[in-house]
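**Student:** The residues making up each chain are set out below.
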Amino acid sequence: MSGPSTYEPKTGFTRWMDARLPIIRLGYDSFVDFPTPRNLNYWWTFGGILAIFLVIQIISGVVLAMHYIPHESMAFDSLERIRRDVKFGWLIQSMHANGASFFFVAVYIHMFRGLYYGSYKAPREILWILGVVIYLLMMATGFMGYVLPWGQMSYWGAVVITNLIGALPFIGDAIREWLWGGFSVGQATLSRFFSLHYLLPFVIAAVVALHLWALHVPGNGNPVGIEVKTKKDTLPFHPFYTVKDGFAIVVYLIIFATFVFFLPNALGHTDNFIEANPLSTPSHIVPEWYYLPFYAILRAITFDIGPIDAKLGGVTAMFGAILILFVLPWLDTSKVRSMRFRPVTRVFFILFLLACLGLGWCGANNPDDLVFTMGHNAEGVATGLKFVWFAQFLTFYYFAYFLIVLPVMGLIEKPLDRPVSIEAAVLGTAKA
Amino acid sequence: MTEQNGALGELGQEPSRRDFIYIAATGAAAMGAGLAIWPFIDQMNPAADTRALGSIRVDISAVTDGTEITVMWRGGPVFIRHRTQAMIDEARAVPLNVLVDDVSRNRNAGMENASAADQNRVLRAEYLIVIGICTHLGCVPLGIGVNMGDYDGWYCPCHGSHYDGSARIRRGPAPENLAVPDYYFETETTVKIGLSPEEAAQSGWVAS
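Heads up: the sequence lines are chains A and B, in that order.
The opening residue of the first sequence carries number 16 in my numbering; numbering runs sequentially from there.
The opening residue of the second sequence carries number 8 in my numbering; numbering runs sequentially from there.
Derived from the structure by calculation, the hints contain no laboratory data.
Any given hint could turn out to be false.
What the hints assert, rightly or not - Which residues of chain A face chain B? A few of them, derived with a C-beta cut under 8 angstroms, are:
#, residue
1, Val174
2, Asp324
3, Asp383
Small disclaimer: the values here were computed from a predicted structure and weren't measured.
Built from N, CA and C at the ideal position, the CB exists for glycine as well.
This is chain A alone, in the form it adopts within the complex:
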């Protein structure tokens, strides 16, 4: 932990415990007296919100597993039974399904917070990388969880995504068959997805523990991006941030409850109320909303790049879009963490945020549909900007932000003056 421990056991029992397993000391140093920058804003509350949602997903998921049947002819019906017949099943299933979406909303805000305030920069590279690992595990868990209801969108989403693996040269087909456990998505696939969907959240919990450990060595970053220098720059975590995080958690849970109780299916897809049918493909396959930007990148590569055909190129771009986050700490050459003091890069960041949202929009639409029309061709068919072209443009910007903007701007941009200390930033005293 940053700084020496200030914990003093006061009772006989805590002294006895402290000499044997100092777990109370660990909790005190981590969550009570932990020195936290005094200027953290509400964007910093999403870590706590994410912790709450991991717990919600695990508890509701363990309960659902008591009633769910991972069999290709029973899974769909068992889910409907949970929603109709199992006591409070309607509530717990709704919490779990909507909880996934709220988990991803929070993780995206948490990640963009990190991108804006430069949370990935030294000495927090490992902290950031562990976060990307958690995000990848969340994606895998969410994907396999969405297959379990065994509706049409579950099934065909699984077909499309597992077929991506088949795009790998030479070994693609063998790996795909290995993933399926058969010659197509079927019973073997459903069983193993259920098993892994149950396992991975606990792996996530373990990596979260490492993430917190890596956080508590250098301590929190903060909105001005300068390091804590004196005790005056910090506040104890409790009560200042337990209360701030607690308030944010309550507000977020109110929004969550609105969906759970009043809009339980708003974030789902109507096709998933039809049982999986391997002989009939839905007219328009879309993944869950939180994968849409990557789905758009996948479909944006419609051209061959040298020896790489379009299909493999799309898969490479999609995985590359996530994997590039691992090397982000070394791509951004600027010593200034916070975008508050990088007036030009800040504009590029806002465009990057818009590009990600735009990619999500493209991912939700048919690639050949039009973003907007510009007249009609000779046959009277509307012409204009196709979604696939828009997605290609945004994909280019997505990668350019990491590979061109961040490396170059760090070298040429003149940052604004930073405050001398966090205390000075909060109290508005003299600038450096």
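Assemble chain B onto chain A, guided by the hints.
**Tutor:** Just chain B now, with coordinates in the frame of chain A:
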């Protein structure tokens, strides 16, 4: 390492027997761990009963001229289209240089490396038998009576791939022609899908 066991001491000198034992023991343990992991990886491959269901027999007597059926094979669809003479003529009139994928995608009767000419896509010209899985991302293309696309074959609604009357990719993102499964005609009206005649002979399947 050598300093601890007091054998030969300094760096750059001959490795000691203990160094060899360390390396040999670590190597053996690593190999053992690798071998122990293998069953846990291989168990995910298709099980024996799954593989045993790898072939089916289909009665095609009811598939009349100009119609098609879809049968389930290995958890996915196989299209069997009974083509009219006009459909065959149309497929055979397509010049090979307009094809996106010029390989037959057909392992039957020694046509594995043949061109994608319609003759190399079928065993009997009137029956076109292909796996009904789009080679793009695995959707099921639509056919007769629904949407045959712009080339009188199949149309994949997911990402807009058009296949022609020989199930060859003509336009859209799919990279390959629809694959032809291993099959052979057991009789005039029954077809065995999932086995070549040679495999059938080997495995004890006899043409009835």
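**Student:** Each hint: holds or not?
**Tutor:** Hint by hint, here is what the structure shows:
no.	hint	verdict
1	Val174	holds (5 angstroms)
2	Asp324	holds (6 angstroms)
3	Asp383	holds (6 angstroms)
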